[in-house]
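Participant: Going down the list, the sequences are from chains A and B. Numbered according to the numbering used here, the first sequence spans residues 49 to 257. Numbered according to the numbering used here, the second sequence spans residues 49 to 257.
Do not rely on the hints blindly, as some may be mistaken.
[To be verified] Ranges of calculated distance between the beta carbons of each label pair, as one might list FRET restraints:
#  : chain 1 : residue 1 : chain 2 : residue 2 : range
1  : A       : Y230      : B       : D173      : 52 to 58 Å
2  : A       : A239      : B       : P66       : 37 to 43 Å
3  : B       : L228      : A       : E56       : 57 to 63 Å
4  : B       : A137      : A       : E143      : 39 to 45 Å
5  : B       : D173      : A       : M224      : 25 to 31 Å
6  : A       : E247      : B       : D163      : 53 to 59 Å
7  : A       : R53       : B       : A177      : 27 to 33 Å
8  : B       : P223      : A       : T116      : 56 to 62 Å
9  : A       : N103      : B       : P66       : 29 to 35 Å
10 : B       : A127      : A       : P66       : 42 to 48 Å
11 : B       : K71       : A       : L207      : 28 to 34 Å
12 : A       : E245      : B       : M231      : 55 to 61 Å
13 : B       : A137      : A       : Q209      : 52 to 58 Å
14 : A       : E242      : B       : P161      : 54 to 60 Å
If you're looking for bench data, these hints aren't it; they were derived computationally from the structure. Keep in mind that this is a model prediction, so the values were computed, not measured. Ideal placement from N, C-alpha and C gives every residue a C-beta, glycine not left out.
Number of protein chains: 2
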Amino acid sequence: MADPRAVEALKAALRRLPGVGPKSAQRMAFHLLERDRDGARQIGEAIVAALCKVNHCRRCNNFSEAETCAICASAKRDAARLCIVETPADLEAIEQAGVYQGMYFVLMGHLSPLDDIGPAQLGIDRLLALAKADPIGEIILATNLTTEGQATADFIIDLVQPSGILVTRLARGMPMGGELEYMDPGTLNQAFSERREVESHSAAARADN
Amino acid sequence: MADPRAVEALKAALRRLPGVGPKSAQRMAFHLLERDRDGARQIGEAIVAALCKVNHCRRCNNFSEAETCAICASAKRDAARLCIVETPADLEAIEQAGVYQGMYFVLMGHLSPLDDIGPAQLGIDRLLALAKADPIGEIILATNLTTEGQATADFIIDLVQPSGILVTRLARGMPMGGELEYMDPGTLNQAFSERREVESHSAAARADN
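Model the full assembly from the supplied sequences, consistent with the hints where possible.
Facilitator: Below, the structure is given as structure tokens:
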């Protein structure tokens, strides 16, 4: 009531950001108007620019300014491997790790019937078309190990396996630096049931050469 | 690297919001571009509108679209009382409680030398001019009970008291609904040292009539 209408409108708008409640929105609006009008201008301009420039890569569905993103356009990537991730942030994490040189498909979410996100919203049909058209030898499922991520992976497996393409998923077990004492039962279960035989050190050394 | 430039620019811009780190900014950018482009548009427009419309009330320094805000312009408010608060949110909280009908002065912060916020940034000179020019009989200090809020209050007290105006501050003690077991030592200290004599119930009942 006491705040002018434009401030109320700004607070209401900021609440549309994920994880921002009324108190945070108030704090943000105050900060922008009182301490950082330059920052406010920058946010406004970045939103407008992103809305008008950013679209989806025609091939992998990731955000892209061009019709085809840099990864899909690169001749250096291995076109025979397709890694399926939920979000651009997941793709980014894999790229940062530097272990993978193949292509991606970004679902931009996971199956979530309550939020009206079904196979159509995730572009599963485009994924299947891609898997058929391209000379893809392996599909690597890299969805999150959450209930939703695993349900999404299971859904894709059922659709892809009949075509005979090799479908793999990331290994599950103890994370690097993990301490048994603090590990959840689910992880320990996985780590036990998928335990691997230890190679003899001399054999490993020979394999390295 | 993998994200297009406009997405990176959006993430960088969102990090200027208080309390938003790289992970939150990434989540927000993804949400705006993938799930809520309408919301993004709304935020962009609200920021532009607020930046161009919102200024400070000439009298109380609160945010205002008009030269004088609704409270300062109201004939119903008691012009003899001036309540000093740190932020518009504090003012709002007092208005919500509905206990106060006087005027306000909003400092828009507290003294914070490390952030280059001194008396000039808080408009202390305007506050003093206001206290002298208007027929003000009481100045109520309602800054936060944090170190910075109290330092700010002490600073104002030193400047205002010589003029002979009655200066008061909000009562300190146990909050309503507070449980002793969970109260911090500072609050318990205040509550003990400022304890009040209990009125006899019959006397209170008589005073109510």
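Participant: Against this structure, judge whether each hint is valid.
Facilitator: We went through each hint and held it up to the structure:
1. A:Y230 to B:D173: 52 to 58 Å: holds (56 Å)
2. A:A239 to B:P66: 37 to 43 Å: At 40 Å between Cβs, range holds.
3. B:L228 to A:E56: 57 to 63 Å: The hinted range 57 to 63 Å is violated for L228 (chain B) and E56 (chain A), with Cβ atoms some 39 Å apart.
4. B:A137 to A:E143: 39 to 45 Å: holds (41 Å)
5. B:D173 to A:M224: 25 to 31 Å: Because 59 Å falls outside the window, the suggested range is violated.
6. A:E247 to B:D163: 53 to 59 Å: With Cβ atoms ~58 Å apart, the hint holds.
7. A:R53 to B:A177: 27 to 33 Å: 29 Å Cβ-Cβ, so the 27 to 33 Å window holds.
8. B:P223 to A:T116: 56 to 62 Å: holds (60 Å)
9. A:N103 to B:P66: 29 to 35 Å: holds (31 Å)
10. B:A127 to A:P66: 42 to 48 Å: At 44 Å between Cβs, range holds.
11. B:K71 to A:L207: 28 to 34 Å: holds (32 Å)
12. A:E245 to B:M231: 55 to 61 Å: Holds, at about 59 Å.
13. B:A137 to A:Q209: 52 to 58 Å: Because 56 Å falls inside the window, the suggested range holds.
14. A:E242 to B:P161: 54 to 60 Å: With a Cβ separation near 58 Å, E242 (chain A) and P161 (chain B) satisfy 54 to 60 Å, so the hint holds.
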